[in-house]
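Input sequences plus hints: build the corresponding full structure.
Yeah, the sequence shown ends on 316 if you go by this note's numbering, and it's all consecutive.
Hints were generated in silico from the structure; no laboratory data involved.
Bear in mind the structure is a predicted one, so any value in this text is a computation, not a measurement.
Even glycine gets a Cβ: it sits at the ideal position worked out from N, Cα and C.
Check each hint, because a few of them may be wrong.
Said to hold, decoys possible - Simulated DEER-style distance windows between Cβ atoms:
1) Arg312 with Ser292: 58 to 68 Å
2) Thr20 with Gly94: 40 to 50 Å
3) Glu227 with Glu306: 50 to 60 Å
4) Thr233 with Ser(-1): 47 to 57 Å
5) Ser191 with Gly94: 33 to 43 Å
6) Leu294 with Gly134: 14 to 24 Å
7) Asp77 with Val9: 42 to 52 Å
8) Gln68 with Ser191: 31 to 41 Å
9) Ala202 with Gly134: 48 to 58 Å
10) Gly28 with Asp217: 37 to 47 Å
11) Ala202 with Arg252: 21 to 31 Å
12) Glu153 with Thr80: 22 to 32 Å
13) Thr233 with Pro8: 25 to 35 Å
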Amino acid sequence: VRSGRAADRGAPVDSAPVRRAAATSALLVAHGLGPDAEAWAMAVVATGGRRLVLPTGPEGAGAVGVEVGLPQAGEWYASPDVPTSPIAGALTGVELQGLPPLTGVMTPATPNRQPVLQLQLRGAGAPANAFHLVDDEGGRLVVALSSSYWRWAAREEGRAAYRSLWSGLAGWLLAGEWLSGAEPRPSAWVLDQGSPVGWSLPGDSASYRVRVSTAGVDVVDTVLTNGIRAETPPLPTGSYAYAVLGADGDTLGAGRFDVTSATQDMLPAVAEPDQMALGAGAEVTLQAAGRPLRTSPLPYLLLIALLCGEWVVRRRSGLR
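Here it is as structure tokens:
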């Protein structure tokens, strides 16, 4: 099924366009690959390149040369200890303890030398790897050995771990792909409100002109220099179109990205002065100022003191 604008998406396609898209893709994602997949789909996934495979059983993993056992029953919880791996940096500071359990863990016949995430049955069993990483002449491959990650994305406390995990895996798969000739683009397609917009710029030009607009109105129009930290100011929640132009004015990259809303409960909203430079009439990001009240011990100490005072008054008044 094609994705895209409303006029284009929704129409089913046959295997030929899928094969062409897979052959030219920078990253191929095979979701739900199992015994019911047709032979041509198995062949497409087995062609090599940069692949992320989420199989439903041993047949899907076997299509990319990874032998695994049958999915194991039970609830598997993520270990809070992050092992040394190529994506350990993406998981630094991410809270893994207390996340919803995963299911369908499969054990590979060949142990993985690069464990990304450790899982434990009921939180106390022997550790099992959640992913199997392969880096050889055929390309880079990630095979998910567990399922039900949607549980993380469905809960507020699990979304940060969900995004960090998958962005880290995608970053490892695509490492070395942004070479000369690559298309400049945002470093992420979905950003949190209040976060600066980072940009991935290839080495074709010393500088790039970046234009970001929403509803046909430009909110960012600036020049970024390649080789330094390329960022533009945070943007309010919404969907944005972008265009990256070279020194000669030619459009080198274009597309869209989204900024998601974030709750800032119990905090006053103020506008940062440097965000006023986005242009006349442009919206500015509202950010929280000061320390959140819920993180201070004073309200809790005051509540305890009031309860103790009430107890003393009641005792001296003869009340029980």
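Practice prompt. Go ahead and decide if the range 58 to 68 Å is satisfied by the Cβ distance of Arg312 to Ser292.
Written response: violated (31 Å)
Discussion item. Against the range 33 to 43 Å, how does the distance between the Cβ atoms of Ser191 and Gly94 compare: consistent or not?
Written reply: violated (24 Å)
Worksheet item: Do the Cβ positions of Leu294 and Gly134 conform to the proposed distance bound of 14 to 24 Å?
Response: violated (60 Å)
Discussion item. Taking the Cβ atom of Thr233 and the Cβ atom of Ser(-1), is their distance within the range 47 to 57 Å?
Written reply: violated (22 Å)
Discussion item. I want to verify a distance hint. Is the separation of the beta carbons of Asp77 and Val9 within 42 to 52 Å?
Written reply: Since the Cβ atoms of Asp77 and Val9 sit about 44 Å apart, the hinted range of 42 to 52 Å holds.
Practice prompt. Could you tell me whether the CB distance from Ala202 to Gly134 stays inside 48 to 58 Å?
Written response: The hint (48 to 58 Å, Cβ to Cβ) is violated, given that Ala202 and Gly134 are roughly 36 Å apart.
Practice prompt. For the range 50 to 60 Å, tell me whether the beta carbons of Glu227 and Glu306 fit it or not.
Written response: holds (53 Å)
Worksheet item: Quick one: are Thr20 and Gly94 within 40 to 50 Å, going by C-beta?
Response: holds (41 Å)
Worksheet entry | Assessment of proposed distance window 37 to 47 Å (beta carbons of Gly28, Asp217) | holds (42 Å)
Worksheet item: That 22 to 32 Å hint for Glu153 and Thr80 (C-beta), does it hold up?
Response: holds (25 Å)
Worksheet item: Honestly, do Gln68 and Ser191 meet the 31 to 41 Å range at C-beta?
Response: With Cβ atoms ~38 Å apart, the hint holds.
Practice prompt. For the range 21 to 31 Å, tell me whether the beta carbons of Ala202 and Arg252 fit it or not.
Written response: holds (26 Å)
In terms of the numbered hints stated before, the structure departs from hints 1, 4, 5, 6, 9, listed from lowest to highest.
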